[in-house]
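Protein chains in written order, with this note's numbering: chain A, 1 to 252; chain B, 1001 to 1411.
You may find that some hints are simply not true.
As a list, the in silico DSS-like pairs of lysine-lysine whose alpha-carbon atoms are at most 30 Å apart [claimed, not checked]:
1. B:K1170 - A:K114
2. B:K1319 - A:K100
3. A:K114 - B:K1399
4. A:K100 - B:K1398
5. B:K1405 - A:K105
6. A:K182 - A:K230
7. A:K105 - B:K1057
8. A:K249 - A:K230
9. A:K119 - B:K1398
10. A:K100 - B:K1195
11. A:K105 - B:K1399
12. B:K1319 - A:K114
It is worth saying that the hints were derived from the structure and are not from the lab.
What follows is the residue order along each chain.
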Amino acid sequence: MIEINELKASVEGKEILRGISLDVKPGEVHAIMGPNGSGKSTLASVLAGREDYDVDGGSVHFLGNDLLDMAPEDRAREGIFLAFQYPVEIPGLSTTNFLKSAVNKVREHRGLPKLDAVKFLKLLKEKIKLVEIDQDLLSRSVNEGFSGGEKKRNEVFQMAMLDPKLAILDETDSGLDIDALKIVANGVNSLRSPERSFIIVTHYQRLLDFIQPDYVHVLYNGRIVKSGTKELALELEERGYDWIKEEQKETA
Amino acid sequence: MSEILDKILLAQKEPSNQPSLDKALAIGYPGKKTEDWKFFPAELLIKDQNELSEKAKTSGKVEFSEQDDFFHIMIHVGDIPSGIVYQGEGLDISIAESESSEAILNQNQRGEFFPYLNSAFSNSELRIQVEKGSNIPKPLRITWNCSGQDHGYFVFPKTDVNCKESSDLKIIEEYSSNIIPSPIFNTYFRAELGKNARLELNQVQDFENRTDFVGYHHINQERDSSFTSNLISLPNGRIRNNHQISLNGPGAESYLNGLFIPSDGNIIDNHTIVDHVADHCTSDENYKGIIFDKGNGIFNGKIFVREGAQKTMAFQSNKNILFGNNPTIHTKPQLEIWADDVKCTHGATTGRLDPQQLFYLRSRGIDPDEAERMLTRGFANEIIERISIEGFREKVEKKVLEHLKEAYDRN
């Protein structure tokens, strides 16, 4: 699905990713964990094409194509979806309105016919159930006046609507109470399929109680310093990140 | 500036109100040194007109019709004899002799030139009275159209609205001109809101032919009344708007919403004054500018909170988005507070579209160009959606979209 090879990236001259390699196969769920400032969100942003970051080296191939060469909108159409850590508020533009354009752009790119208003509404009603959002909320301005939990659920809802091949969740669990967390996790779980992969960036092991990852990677100082199965997440929960930092000091 | 005054006097018909003319002459035609006119070239308005040597002498007329969605008053600008236009449904509409200069003097405390000029030459006015407790079922659409010849440099539409206690009225106010070059509109609109009365005033400034416009609104509000102004300016020429609101009775509320989209050498200058005279009043002012290449936007908003106007809530915001190479915006919020228990905020922002918002839309598969248009539309929508008249609101939205599209394509 996606092959990341020695990816290096910086922001305003400050090196953040120092050579990340990761291979995600179709249907797999990879969790990326790590202490604050390790580069987790940068990785998610670089994959989605955020222009604040400079890619300094390495390569990323998505379904065989050079991802780093593509504009953000092309990545989305090819099947990459980023659930934002901090979803942006857009006054005056409703989620429904902008999603209709987005869905049809993506469908057009994939050679599918455009959805008319009726079919779009049908799809919307079907997907809305996954995240238990009130439909009225979607006719209001994007994320404006939404609670933290509503914003994150709206991200998962958009993911369901856009039907991506690779979904990247950037700390979608942060700040959620247990009920909202369950809703978000259920939404994600119902979208799991042998064709769809996930990269789940999280600071807390808690999310992984609800979404079972196939692999867990620990990011520290811009590198993946440890990879394992979900048992690694449990170990991190128990021991914190300090032992990872210590290990790194020793090897350095 | 006296040269300009001489030209005006030569071309306009005889003044119907000499005391007002005397006042106007004493104040003098506003120029660059007049503080409130620094950025609006009032002197160019006359210079850019064709030279006129004959006195204006156009007769006008007024027509009233009831449509499915609104009552329509169509006024062809010019001399109109006094008389009843419509009576019924709690409405009393007439053409009446213009008020005395004292009435204008009371309103025009800031000693502005143009309200006096209007008063001097508008021999009649459109007078609308809404009876006590009347909820007018359809909006009242008022169209002032300028056609025919021999108007002089200026035309002087004048409207006087009296909303009596607990009445409810919505107005669509429009001005248009078939003359090229069009005479300058010098309009005056006054409204009195009685206790608990509600008035929503919607104005779209959207001239087909290049037209200059200087308009005044004076609104006086009694206890518990509510006033909303939705002002959409898509200038084709130069527009100066002046809104002056007096909150004279406790519990009154005023909402001033403005959207202005100048491009291509056009100017839009919005001046507002909100005067909190009584206690427990609320004012909320929201003006948004979208300024394209070589467009010029001005916002000057004053809020006064008088001594004794305790528990005032006064908010003011002016946000602007700039496009292209040489857009200009001058924004000046001013706050004068003489009471000590009040809640007031004001602020202005100016910049390009937010890159975070753009990225958000692009990350969902939307083209950068379309994302920009969506965000701009969203920015404009925040004002348009304040219009409560369905059908009309959709028309306004369409007009704004067309205007935005033209400005984009030129850019």
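Each hint tested on the structure:
1. B:K1170 - A:K114: 40 Å, violated
2. B:K1319 - A:K100: Measuring from Cα to Cα gives roughly 28 Å; hence the hint holds.
3. A:K114 - B:K1399: 27 Å, holds
4. A:K100 - B:K1398: 19 Å, holds
5. B:K1405 - A:K105: It holds: about 21 Å lies between the C-alpha atoms, which stays within 30 Å.
6. A:K182 - A:K230: Holds - the C-alpha atoms of K230 (chain A) and K182 (chain A) are around 18 Å apart, at most 30 Å.
7. A:K105 - B:K1057: Measuring from Cα to Cα gives roughly 60 Å; hence the hint is violated.
8. A:K249 - A:K230: Between K249 (chain A) and K230 (chain A) the Cα gap is close to 25 Å, so the pair holds against 30 Å.
9. A:K119 - B:K1398: 25 Å, holds
10. A:K100 - B:K1195: 46 Å, violated
11. A:K105 - B:K1399: Roughly 26 Å separates the two Cα atoms, so the pair holds.
12. B:K1319 - A:K114: This hinted pair is violated, its Cα atoms lying about 36 Å apart.
Going down the numbered hints, you'll see the structure goes against 1, 7, 10 and 12, while the others check out.
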